[in-house]
Amino acid sequence: MRLLKAMLALQEAKGAVTDADLQRLARDEGVPLHRLQGLRSFYPAFREQPGPPVQIQLCRDVVCRLAAGHDHCQRVRAAVGDRADVEVREVSCIGLCDQAPAMLLNGQPRRGRLEDVRACLGGTGSDSACVAGTTPARRWPTDPYASPQARYGSLRRLLAAGRPEEVIASLKQAALRGLGGAAFPTGLKWELTRHAAGAEKYVVCNADESEPGTFKDRLLLEQLPHLVVEGMLIGAWVIGARRGIIYLRHEYVHAAQALRQEIERAYATGALGQGIFGSDFGFDLELFISPGGYILGEETALLEALEDRRGEPRNKPPFPTNAGLHGRPTLINNVETFAAVPAICWHGPDWWASQGKPGYKGLKFVSVSGDVARPGVHCVPWGSTVREVLELCGGVAGGRKLKAFSPGGASTPFLPASMLDTPLDFDALKAVGSALGTGAMVFVAEHRNLLDVVLAQVRFFRNESCGKCVPCRLGSQKAVAMVEQVLAGAREALPVDLGELHETMARTSICGLGQVALLPLIDALRRFPREPSLQSLRRVRS
Amino acid sequence: MSGKMLTLTIDGRTVSVPPGTTIWEAARLLGIDIPVLCHEPRMEPVGVCRLCVVDVGERTLAASCVRLCEDGMNVVSQSAEIEHHRRMLTLLLLSEQPESSAREATTGDDALYALARRQGIDEIPFPDGARGHPRGRDDSSPVIAVDHQACILCDRCIRGCNELQHNHVITRSGKGYRARIAFDLDVPMGSSSCVACGECAAVCPTGALTHKALQHWRREWAGGEE
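Chain order of the listed sequences is A and B.
Residue numbering for the first sequence follows my numbering, beginning at 219 and increasing consecutively.
Residue numbering for the second sequence follows my numbering, beginning at 26 and increasing consecutively.
Just so you know, these hints were derived from the structure itself, not from any lab.
Model, not experiment: these values are computed from the prediction.
Treat the hints with care, as some may be off.
[Claimed, not checked] Here chain B is said to cover these stretches of chain A; the calculated rule only asks that three of the stretch's residues, wherever they fall, bring their Cβ under 8 Å from a Cβ of chain B:
1) 248-262
2) 649-661
3) 682-690
4) 696-709
Glycine is no exception: its CB is placed at the ideal position from the N, C-alpha and C atoms.
Bound-form chain A, shown alone (with noise of 0.2 Å):
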């Protein structure tokens, strides 16, 4: 962590990482300058020369194309014109697809409506009217506590009386699985890194959700910095690790500011530190900023990252359960799994399974945007159907009717508006051929060109491969190019099939996301035969 520390501190203090900030850097630290190098030409957080006083980050991916138009960049580009004191960039999802379209302006969440840049930029309207990234506060059900001082009840119950295996055996009992998407028994997750070998062990927090339509992270930070924490603290306590890092994304600033807070608070209170509540358990934890990029939420790669190098994913196995941070046993989990552990702690894991609809465990925070009238995020019953969560949020935008809808975020197949009845659950939008992700819910109206859509995906999946294996590299630039020249006219068909192209993705890729980069594309070409916008893609060339 302490050349890429040192290289954001730089960055912030000088708006650049400049070539002489490196060469002093290799100096003082004894590192290659080729190393260092690596890292600033990877990290989007980096820039070599500083920019000009107002620089604009806008972004490009699905819901703020829908909520602006696929010209909405260039529109903005226009109306920034010439200007040299003003830089614009497009950048992926910023994770405020509840506020859609939005911008980061000088790395602040903002609004990016195009009367936003104008008001932004001509210093007329008040700063404050396009604030955004903070939600109103609510009191959500994975609390249990009534009051800040109730807070950690479940740690201080744990520390006096209870035993590791306890713990394991509830979440095993709860059902708990990865709620970043991948969907892996947490209590068996916990239990392998609690008997792999090693004296020395970490603990991590995934929160670098950085998935279009993802965001219900960023309000769990915001407004439950205590759960992550705490829950981070009952793994360690777990597993037997004293050392912990948060991994956050740095568009993520009102929750970096509520987790450093609590992070103060927890250590003031006791519950962080030497000898906790009294106890003979220590635990020190941080806030590590992540230096940016999509591919850093693959766990490898943010491990890769905690290491000082390149955020490119590692070969598995060994997975990070034996060999994670330094080769050391890590346990690693998405914010909401950690803010679940207390709840489920405290309540008995037979009221986290009575939250569930009837056979169903659980609660699932989701995000909800796109074509609907209140996007936001919402904490229902596991089971709840599509549809009740799209009338939570007031259903389909300006009356509409719906075409289709992803229920989990850019890597899952959108589904037919016929298929709103699906509960949100593992195993039963598998069974139908998509899958729960993350729980990001996009809804797309019937006007919509769904081609357009699951373009945008893939194209994020481009903008994202970290480049480090030759399938992910080269085929989603390919896939994109070919798909682009028959949109184009260039071409008359597609010269190769793309099912085939992502066959060698889908089994060759290191990681997941060249794993699924042409699966929303790939997919809606074989689940809606109808769609006018795909039709242009049926041909190829033979």
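With chain A fixed as given, assemble chain B onto it according to the hints.
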């Protein structure tokens, strides 16, 4: 090597190896030649070209150069599916290559072109990413010619420079499709801290890094054209 020997089957044949052996190495003991571009036996494997993928019965195929053998493993290294993927990967790489190989013009041993010939590839369906040579050349070093267009990002030069020779000059720079190799803080090779040891050109499997032969200089000195 300590520890109990591991027994596994590769393409139906049984082999016993010490723990820590990769599938690729175990296959070599059986005389099974798994194609690979990024791996070089003197280096730590990185598993990035994916040509050496094998089927170990999991959701995805495993890169045999980096995947360790396990006791009781059943490995398939050749199948219609695997050949299909290898061909697709080769086509993807070829679509970014310059029309002729600088390595074939010098030492004659371009591993990617050889692989393509073995696979009988005569046509590349993917859009040509090499037209106009967009990745550029770097002719600044007196002894090594750099053609970024021919680079397949196998990381062999990086490992050769940093791990084998400890010269610490080469890195991957940039990200995704725009990733390429770079020297020091991304300066031309001739102005970098390169000592011209030649390791990178020796281990490069394509025409990306090639030695400039003495005849190159003879021509230069004579003021002639190539």
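Against the structure, the hints come out as follows:
| no. | hint | in the structure |
| --- | --- | --- |
| 1 | 248-262 | holds (count 9) |
| 2 | 649-661 | violated (count 0) |
| 3 | 682-690 | holds (count 8) |
| 4 | 696-709 | holds (count 4) |
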